[in-house]
Each structure stands twice: as C-alpha cells, then as structure tokens.
Amino acid sequence: MIVCVAVVGHQNNPLYIQSFTEADDALKLHHIVHCSLDVVDERVNNPKKSGLTLNETFLGLLYPTENYKVYGYLTNTKVKFILVTTDLDVRDADVRNFFRRFHAAYVDAVSNPFHVPGKKITSRTFAERVSNIVKSFGLSSAG
Amino acid sequence: MGREVSESCIDGLLTEMVSSYCNRFYSNTPELAARRIEAIGYQVGHQLSERYTMERPRFTDHLEAIKFICKDFWSELFKKQIDNLKTNHRGTFVLQDNKFRWLSRMSGDPSVENGTQDPESKAAQAMSMYLYFPCGIIRGALSNLGIPCAVSADISSLPACSFVIRIKV
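In the order they appear, the protein sequences are chains U and P.
Just so we're aligned, residue 9 is where the first sequence starts under my numbering, counting upward by one.
Just so we're aligned, residue 317 is where the second sequence starts under my numbering, counting upward by one.
Keep in mind that the hints are not guaranteed to be accurate.
[Unchecked claim] Listed below are several chain P residues computed to face chain U (Cβ distance under 7 Å; list not exhaustive):
no.	residue
1	His362
2	Glu366
3	Thr369
4	Met370
5	Lys402
6	Asn460
7	Gly462
8	Ala466
[Said to hold, decoys possible] Chain P residues, not near chain U, derived (Cβ > 12 Å throughout):
no.	residue
9	Leu330
10	Gln359
11	Ser391
12	Val410
13	Trp418
14	Ala442
Don't read these hints as lab results, they were simulated from the structure.
As the structure is a computational prediction, the values presented were derived from the model and not from experiment.
All residues carry an ideal CB built from backbone N, CA and C; glycine is no exception.
All chains, please: the whole structure from these sequences, using the hints.
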C-alpha cells in the first residue's frame, strides 16, 4: 500500500504532499520524504557511483527503512516525485507505471493557467486523480 | 490521443493579442506592451516544456536542451524543425527558421515600400511585436529546464527569422 506521495520543486520546496494512512503519522512520513531529498541529490550528482546511466527520470529505490520503501523520480524540470510504500515486494514496472501516470497528472495540474509556478498545487482535481492512481497501484500485478 | 488545434485560430489569437496590448492597453509605451507579451509567452513555454519533456531522459548539458528546443519542441509547435543552429560555444545560440509559421502570412505594405526609410522601420517595428511571444516561449521553456537566458529575435528577410539565445552564467 502506498502511504505517502510528494512533489518537491527544484529548490526543494514542497509543492504537494499527501499521506494515505488512517493513523496520525503524517509527520513521520514527511520526515521520510525530507530525508529522501538528500538521496536524490546524491544520485543525481554522482551518477557513476550509484550506477545510474542514461539520466533516466526514474531513480529507482532510494532507500529502504524498516517498514517502508522509498522510490524517487526526477523530471527534466528538476521536480522530484517521492513515493513511500509499505509493500515489501514491489515490482519496478509497477513503480515506473505509477510515476508515469503521476507525472501526467502533475503536468496537467501545472498547465492550469491559474496555477502559479513554484507554489503549492491546490487543485482538487489533481488530488482526486492522485488518490485514484494511488488506489490502483499494484492492482495490475495482482490481476 | 492527440488533441488538434486550429491553426487559423492561433494566428487570429496571436494577432489580436498583439494588437490589444500595443493599441489598447499600452498604446503609449511599446516597451511595456512588449514585456507583457513576452511574459505571456514565458508562461506558455514554461508549461509546454513540462509536457514535452515527459518520458525523456534528463538533459546533461545546455546544448542538449537547446537541441531539444530546435527539434522536438519546435516540431510540436510548428510542425517543423529549426533549420539552422549556430553557437559560439560560449553561451550564445542562434536558431534560424527559414519559414517561421507565424510570419509566413505577413508582408510589408507595398505602397510604402518605395517611400522613405521611415515607413519601413515602422513596419519592422510592428512586426517585431509579434516575435516577443515566441521569444517568451523559448525563454520560458529553457528556464523551466534550469537554463536562465535572454532571448531576442530578428527578421532577416521576411518569412525567415532567427532567435538569439544568450545563456546567463
């Protein structure tokens, strides 16, 4: 299950962060997202060391914690997408697919003429679309 | 699923936008009108670059980003690529389009052509107002890709047009 997704701008400013848990652990999840930003920076600045080639937007598994796995994605416009999940056996293809759809939703949200670039995304349509994408995550592999 | 855009509508919108800003909102201050039109282009370019760089590996250097503008970005906007790209390898790039779509239906007034120098420069000035919008688009796209720059345009001979990109260091 995905517990948290986040969009972080090019100056590491949060543009959208949403957790999907019942429990009151938003702060903890935000902390995990915050920590992952350093890992993203490290991956991008030392591509050789991390074995990252071709400058792919999908950064793969950033780091595992005891209960969570954190995945990252960096767009051409230096916007980071972070995904925190509790699933322990996640298929790469599922995550890639998730980020692709998430990116499409993000692009549509920022193309709204009323959206101010660099400000938080407040669109309700975007929130709804994201929660749909989150809900359908991993279903393709189960079915 | 591609969406289609009516070309004549875009032409009409561009003409109307330029004439509104130049003749109505800022009729006395053409510099201000130019800046406003450029700002609109900036927003358009900013948003388009986000969309067109999806599913594409990140660019490693400036040249790659400029090449993207010349090829894919231009094809999406104008259904053709930039015809010629020149650079001094010190942050200045010249993009030449031999038949720029937004100028292809423009012509100078032939009745004043054999007159004095003045009407001609007036025509050039009027024409240059139409180029602030594409300049803004290029600047918006490149800034969103992390390359702050200044873009200017100049018209050599009518349907041809070149854009000069100066990257700020």
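### Task
Verify the interface restraint on Met370/P: the C-beta must sit less than 7 Å from at least one C-beta of chain U.
Constraint on Met370/P satisfied, holds at 6 Å.
### Task
Please settle this one: Leu330/P was flagged as non-interface, so is its CB more than 12 Å from every CB on chain U?
At about 17 Å from chain U, Leu330/P clears the 12 Å cut-off, so the statement holds.
### Interface hint for Thr369/P, Cβ within 7 Å of any Cβ on chain U
Check passed: Cβ of Thr369/P comes within 4 Å of chain U, closer than 7 Å.
### Task
Grab the minimum beta-carbon distance between Ser391/P and chain U and tell me whether it stays above 12 Å.
holds (17 Å)
### Query
When the nearest CB of chain U is found for Lys402/P, is that gap smaller than 7 Å?
Violated. Min distance 24 Å.
### Interface hint outcome for Gly462/P [beta carbon to chain U under 7 Å]
holds (6 Å)
### Query
Non-interface claim for Gln359/P: all C-beta distances to chain U beyond 12 Å?
The assertion about Gln359/P is violated, with a minimum of 7 Å to chain U.
#### Entry: Satisfaction of the Ala466/P interface hint, Cβ to chain U closer than 7 Å
Because about 19 Å separates Ala466/P from the closest Cβ in chain U, which is outside the 7 Å limit, the hint is violated.
### Query
For Trp418/P, which was marked as not at the interface, is the minimum beta-carbon distance to chain U over 12 Å?
holds (21 Å)
### Query
With d taken as the least Cβ-Cβ distance between Ala442/P and chain U, does d exceed 12 Å?
holds (27 Å)
### Query
If you take the shortest Cβ to Cβ gap from Glu366/P to chain U, is it below 7 Å?
holds (5 Å)
### Query
Is the interface hint for His362/P satisfied, with its Cβ closer than 7 Å to some Cβ of chain U?
With Cβ-Cβ at 6 Å, under 7 Å, it holds.
The structure does not agree with the numbered hints 5, 8 and 10 stated previously, though it agrees with the rest.
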